[in-house]
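Asks: Which chain is which? The protein sequence lines are A and B, in order. In my numbering, each number is its position in the first sequence, counted from 1, plus 131. In my numbering, each number is its position in the second sequence, counted from 1, plus 384.
Simulated from the structure, these hints should not be mistaken for lab results. Keep in mind the model is a prediction, meaning the values are calculated, not measured. Certain hints may be false.
What the hints assert, rightly or not - With a Cα cut of at most 25 Å, we get these calculated DSS-like pairs of lysine-lysine:
id: 1; chain 1: B; residue 1: K520; chain 2: A; residue 2: K281
id: 2; chain 1: A; residue 1: K240; chain 2: A; residue 2: K310
id: 3; chain 1: B; residue 1: K441; chain 2: A; residue 2: K278
id: 4; chain 1: A; residue 1: K247; chain 2: A; residue 2: K283
id: 5; chain 1: A; residue 1: K196; chain 2: B; residue 2: K450
id: 6; chain 1: B; residue 1: K441; chain 2: A; residue 2: K240
id: 7; chain 1: A; residue 1: K283; chain 2: B; residue 2: K450
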Amino acid sequence: MAAERGEVKLIGGWASPFVARPRIALNLKGVAYEMFQETVGKKSELLLKSNPVYKKIPVLIHNGKPICESAIIVEYIDETWSSDGASILPSDPYDRAIARFWTVYVDDKIPDAIRKLRPLVKGSAVAEVEAEKLHAALQLLEEAFEKCSKGKSFFGGDNIGYLDIALGSQLAWIKAVEKIVEIKFLDKEKIPGLVAWSERFYAHEAVKEVMPEADRLVEFTRMLLSGSFAK
Amino acid sequence: MEEAKGEEVTLFGFWSSPFVHRVTWALNIKKIKYKYVEEDLCNKSDLLLEHNPVYKKVPVLVYNGKAIAESLIILEFIEETWKENSIMPQDPYEKAIARFWATAAGDGLWQFFITEGKEREEALASVINNFELLEKELIGKNFFGGDRIGYLDISVGWISYGVPIFEEITEFKIITEEKFPLLHAWMEAFSSSEFVKDTLPPREKLSERYRKVREAIIQKKN
Chain A
132 MAAERGEVKL IGGWASPFVA RPRIALNLKG VAYEMFQETV GKKSELLLKS NPVYKKIPVL
192 IHNGKPICES AIIVEYIDET WSSDGASILP SDPYDRAIAR FWTVYVDDKI PDAIRKLRPL
252 VKGSAVAEVE AEKLHAALQL LEEAFEKCSK GKSFFGGDNI GYLDIALGSQ LAWIKAVEKI
312 VEIKFLDKEK IPGLVAWSER FYAHEAVKEV MPEADRLVEF TRMLLSGSFA K
Chain B
385 MEEAKGEEVT LFGFWSSPFV HRVTWALNIK KIKYKYVEED LCNKSDLLLE HNPVYKKVPV
445 LVYNGKAIAE SLIILEFIEE TWKENSIMPQ DPYEKAIARF WATAAGDGLW QFFITEGKER
505 EEALASVINN FELLEKELIG KNFFGGDRIG YLDISVGWIS YGVPIFEEIT EFKIITEEKF
565 PLLHAWMEAF SSSEFVKDTL PPREKLSERY RKVREAIIQK KN
């Protein structure tokens, strides 16, 4: 089995939620891989060669062939190791479209909210405005969770699926900005379904060693803002 | 036309939208019978708002009462629902490449179109970089999909009629036969394909629309 997998490399960084996605997917499939950690502020030759268009992480390199963009990489992993583990994407075309739609929505709203919130301080007017947007997005995702999960543990049903990975990978940074601006986003009163889901997600075998600690991300933010990573 | 076996397919669109055109081409290639609803984007229908409450945009494909939004997602749905006349590559790596370029190919083009001076130069540089890589994807092929039009052709198909319009308005030629022979040939082959040629919006009308949009944006900045 191992010989058939070929050579699997992942170029990434511990803090990136986008890198967490293929890591979780590979774990779900039981595929071993070699991790190449990028240094913040200095892109490696391997990265620049493997992703000449965007020069961003993650990049999966399978038998020498690079695949870019986290959502595309997750689909590639699901299709390549289709007989290993449960399917990451749903089997029904409409369910797949829904999972892909909400993933587009997550990528549209969440990273931007995190980027805007993390340099702010508690109580700032801008923080209030940006927080409202994040609350609204999470509210919509709560409704999506109700519909997609159909009473089961994850968006994907009994197993972690494509949308679980897409949104779940953002949780570490959501928790980090909660600490930075001191606003509760993962609020049991407002989004009970998602809060319970997030706990199950974090506890999952394929996830727990991948997600960085929120405190570490808060420290990372401090360093980022003070220019510690500048060349 | 594949007659609906009790299937109802409706496409909500707008005449000039390249995202809607993607779906039209896929439906044509798959020979799917569908009803088309032209939306007035300044006065969106209740049905559109009901089917795409999150983004309120076209295209939306409604299949047996279920609504699917986002053009590339609709393409994948069409491929998975109607098995004949396949548009996606079979190989996972080929699929990943096609999906990557579906969004990356257009990067910088809009920026190039709506900016001036240094901003425009930077956008142009990134467009040229991307087109150089995209050109390589056509080596040995008539279309990105090989012998036939596929997902990537459909996804970037708007380049075949959009770029000449941008070039005309900005008075700058990007895709020349000398610099991008394969892309240049592809544009011609794609736009004259049986699935595409009768779907293109009237060039003058489209050009006028883009011209006005560009003027408005540039004026706002100055």
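Asks: Confirm or reject each hint.
Replies: Now for the hints, and whether the structure bears them out:
1. B:K520 <-> A:K281: Roughly 45 Å separates the two Cα atoms, so the pair is violated.
2. A:K240 <-> A:K310: Holds - the C-alpha atoms of K310 of chain A and K240 of chain A are around 19 Å apart, at most 25 Å.
3. B:K441 <-> A:K278: It holds: about 22 Å lies between the C-alpha atoms, which stays within 25 Å.
4. A:K247 <-> A:K283: 33 Å, violated
5. A:K196 <-> B:K450: Roughly 37 Å between the alpha carbons, so the hint for K196 of chain A and K450 of chain B is violated.
6. B:K441 <-> A:K240: Answer holds: K441 of chain B to K240 of chain A is near 17 Å, not above 25 Å.
7. A:K283 <-> B:K450: 22 Å, holds
Taken one by one, the earlier hints fail for this structure at numbers 1, 4, 5, listed in ascending order.
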